[in-house]
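Student: Chains as they are written, first to last, in full-length UniProt numbering: chain A, 1 to 152; chain B, 1 to 152.
No lab work stands behind these hints: they were computed from the structure.
Warning: the hint list may mix true and false statements.
Which copy is meant is left open, so a pair is good if it fits within one copy or across any two.
Here are the computed lysine-lysine pairs in the DSS-like style, where the Cα-Cα straight-line distance is at most 27 Å [as the list claims (entries may be wrong)]:
#1 K102 / K126
#2 K102 / K77
#3 K113 / K73
2 protein chains.
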Amino acid sequence: MLTRIDHIGIACFDLDRTVEFYRSTYGFEVFHSEVNEEQGVREAMLRINGTDDGGASYLQLLEPVREDSTVAKWLAKNGEGVHHIAFGTADVDADAAEIRGKGVRVLYDEPRKGSMGSRITFLHPKDCGGVLTELVTAATGAHAEHAEQTEH
Amino acid sequence: MLTRIDHIGIACFDLDRTVEFYRSTYGFEVFHSEVNEEQGVREAMLRINGTDDGGASYLQLLEPVREDSTVAKWLAKNGEGVHHIAFGTADVDADAAEIRGKGVRVLYDEPRKGSMGSRITFLHPKDCGGVLTELVTAATGAHAEHAEQTEH
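So that you can see chain A by itself, here it is in the shape it has in the complex (with noise of 0.2 Å):
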């Protein structure tokens, strides 16, 4: 079941520069960063709120680091914006499954890695009226507020 909006993905040129326009204009912060080699991307994760099934929101901006990545080709074409959004669930693969099952095309047959050591998994945005949508479990602990104080 999907509990929650995880995050809200955004495709940048320059995630520096965008980083910097997010804690500027509306002061906030960035709560975790990292490269992910298989997606192609550098991110920055902004925790906005907390919210009621445990976990958090944030929003996710994202810098391609090769031309090949599908956000390098979806930049191309569409330029920045909204890349894509996604829902938070305690469990993606019966989720995914779930959603499979109705007809929705899935396009991992696993989940894969996401930010902060969460599976993911997306579904086809023409399956999904336009939006690139993904499902997220997260790991453990991941988004807690005091998760960050008491573990760093």
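Position chain B against the provided structure of chain A, taking the given hints into account.
Tutor: Just chain B, lined up with the frame of chain A:
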């Protein structure tokens, strides 16, 4: 101060069909629906989760009700997909003024009427990395699940 992802606005050609997609695929239900004549849209709000600022996060599904509405023009150019994102704040007037002072174009001189009695404004997407960005102050009590149960 912006304290939550309030909603993701998704533009569609057929609201009823899109509501049915989100219901049958994910189990999301319509929390509220209305026509906003000023914006030229018919909309459905799907409540996804509560947020730790006392608000909630929604999907806002938007169908234009006239051809000269901004959403109709956007759909003609882009096709269906994510139209805008919205951040929630307790004081849209103060945040809009502060953000305008930083050189970001705010589209309205004064906030206008949004979903469920909220007050909203928009920031120019060209000043926000290609993201049409809305600021929202909810009407008192609009978000709480118990409010719907007790007030109706």
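Student: If a hint holds in the structure, say so; if it does not, say that too.
Tutor: How the hints compare with the structure:
In the homo-oligomer, the alpha carbons of K102 and K126 lie at most 27 Å apart inside one protomer (14 Å), although the nearest pairing across protomers, at 38 Å, exceeds that limit. For a Cα distance limit of 27 Å, the shortest separation of K102 from K77 qualifies neither inside one copy, at 30 Å, nor across copies, at 30 Å. Within a single copy, K113 and K73 get their C-alpha atoms as close as 21 Å, which meets the 27 Å cut-off; across copies the closest is 38 Å, which misses it.
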